[in-house]
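Q: Since the structure of chain F is provided, determine the placement of chain D on it from the hints.
Heads up: the sequence lines are chains F and D, in that order. 1 is the number of the first residue of the first sequence in the numbering used here; add one for each residue after it. 1001 is the number of the first residue of the second sequence in the numbering used here; add one for each residue after it.
A few of these clues could be false.
Which chain F residues face chain D? A few, computed with CB under 7 angstroms, are given here [as the list claims (entries may be wrong)]:
#1 V48
#2 S51
#3 L52
#4 S55
#5 G57
#6 L68
#7 G145
#8 E174
Hints are computed from structural coordinates only; laboratory data are not their basis. Note that the structure is a prediction, hence the values are computed from the model and not measured. By construction, the Cβ of each residue, glycine as well, lies at the ideal position given by its N, Cα and C atoms.
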Amino acid sequence: MSDSVHPGDEKIQAALDGRLETRELVALEEHLRACAKCRATHEALAWVKLSLRSSRGPEAPGHLDSALRRTLETAPAATGRRRVFIGLAAATALAAIGTLVHRSRRRDLVDLLAADFTAYRDGALSLTLRTGDAQELERRFRDAGLGFPARVLDLAMMERTLTGGRLHSLAGRESAFFAYRDPQGRPLVCQMFRGAPDELPAALSRHERSGIPFFVHRRGAVTVVAWPEAGVLCALAAEGEPEAVLALAVAKAMRAA
Amino acid sequence: MNVALRALPWPIEVCVAASGFEETCLPFTRALYGTAVRLTQRPEDASDLVQETFLRAYRGFARFREGSNAKAWLFTILHSVFVNRYRKARREPDRISIDDVDERFLAARDGHPGLAASSAPTAAELESALASLPEPYRLVALLVDVEGFSYEEAADCLVVPVGTVRSRLFRARKLLFVLLRGGAPPATGNG
Chain F
1 MSDSVHPGDE
11 KIQAALDGRL
21 ETRELVALEE
31 HLRACAKCRA
41 THEALAWVKL
51 SLRSSRGPEA
61 PGHLDSALRR
71 TLETAPAATG
81 RRRVFIGLAA
91 ATALAAIGTL
101 VHRSRRRDLV
111 DLLAADFTAY
121 RDGALSLTLR
131 TGDAQELERR
141 FRDAGLGFPA
151 RVLDLAMMER
161 TLTGGRLHSL
171 AGRESAFFAY
181 RDPQGRPLVC
191 QMFRGAPDEL
201 PAALSRHERS
211 GIPFFVHRRG
221 AVTVVAWPEA
231 GVLCALAAEG
241 EPEAVLALAV
251 AKAMRAA
Chain D
1001 MNVALRALPW
1011 PIEVCVAASG
1021 FEETCLPFTR
1031 ALYGTAVRLT
1041 QRPEDASDLV
1051 QETFLRAYRG
1061 FARFREGSNA
1071 KAWLFTILHS
1081 VFVNRYRKAR
1091 REPDRISIDD
1101 VDERFLAARD
1111 GHPGLAASSA
1121 PTAAELESAL
1131 ASLPEPYRLV
1141 ALLVDVEGFS
1151 YEEAADCLVV
1161 PVGTVRSRLF
1171 RARKLLFVLL
1181 RGGAPPATGN
1191 G
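Excised from the complex, chain F in its bound form:
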């Protein structure tokens, strides 16, 4: 594509949205290097896209959550499903939801991260995205509508095998929840969610590696290590010594950086 044949704004937009074949993209990039006007169009459209993508948008009011729950509590039945007598199972499921709601209003983020680890360890929290392939899991998080890119790393070098993930809710915010197992079958859970370190409670200790702060917490036998990573908070939870969990957290953070 010579600099005298302009590609058209539609092609520039397609490139911005990742909808060009590699061959077309290479040709467009070559043209943009030579053509100041098309380069300016590309920059302008990219600036708008980035501005929108990075906007946080209006915060949901605090009363919306309780209003939602009231609405759902009084929701009239509207289903054609055949009635089955499994009231006990339904009551159990509702009790679990109710307990979760109750806890989420009283517990801090680290409490919730530790509770999620325990729930997963005990089989009360299942993985809905079953794969041992890190890239496949990233893609499935994206396809499931996760609002930020989740970096799922292969920790085979640290003797941890990826077992899968789930699109999760942590204190009302979406979370990429994924789990590993060590050679003895013990779980390691990672969660990534929107947040900042100042939302965490006081840490047991703080460490810094390559400019990244790591906050170490303990809840009973569970160690939770949290750190900021690419605009989100990342947290590892596992049973065992804090130093071992911290080492895994540093390994993940360094490979993601």
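A: Positioned in the frame of chain F, the structure of chain D alone reads:
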């Protein structure tokens, strides 16, 4: 709230069908509310819109297929509720014209060389510009650029062809650039 201690509020089959509802759907509350505010321009309407969306999603959750795109499903419901309940009730005239957007974009673009190094718009500037976009263009920008939907997902949500999403998005971005960096655009003639 200990739900187990009282009578079940819904028929049994609804309770069972909805047992994964909270963890599947509630993570998107913030995204739905943000879009609802930007559509309705009124926080109280946005809260109602989100509640109605969740209510309909809850009723239809038995038909939701696990592993499919819950966020796209919820936004499709949100759009449907918005169209049927709010847009018909009080559709406001467009604040600005979409005519001549290409010419205005070129003028704004050429007035801002070296844009890449310039600062991002403030939140207030961005909200004001979004509010000024005619609704069909605003919707596409919200779905694709803010929420990260693909053209195909946005087309399914809005029940329009993919080509319509592409062209609306193109004009929305150009018009936003004009609004944010090109000075005041001409007002629409019918507003």
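Q: Please go over all the hints and tell whether each is borne out by the structure.
A: These are the hints, each one checked on the structure:
no.	hint	result
1	V48	holds, 5 angstroms
2	S51	holds, 5 angstroms
3	L52	holds, 4 angstroms
4	S55	holds, 5 angstroms
5	G57	holds, 3 angstroms
6	L68	holds, 6 angstroms
7	G145	holds, 3 angstroms
8	E174	holds, 4 angstroms
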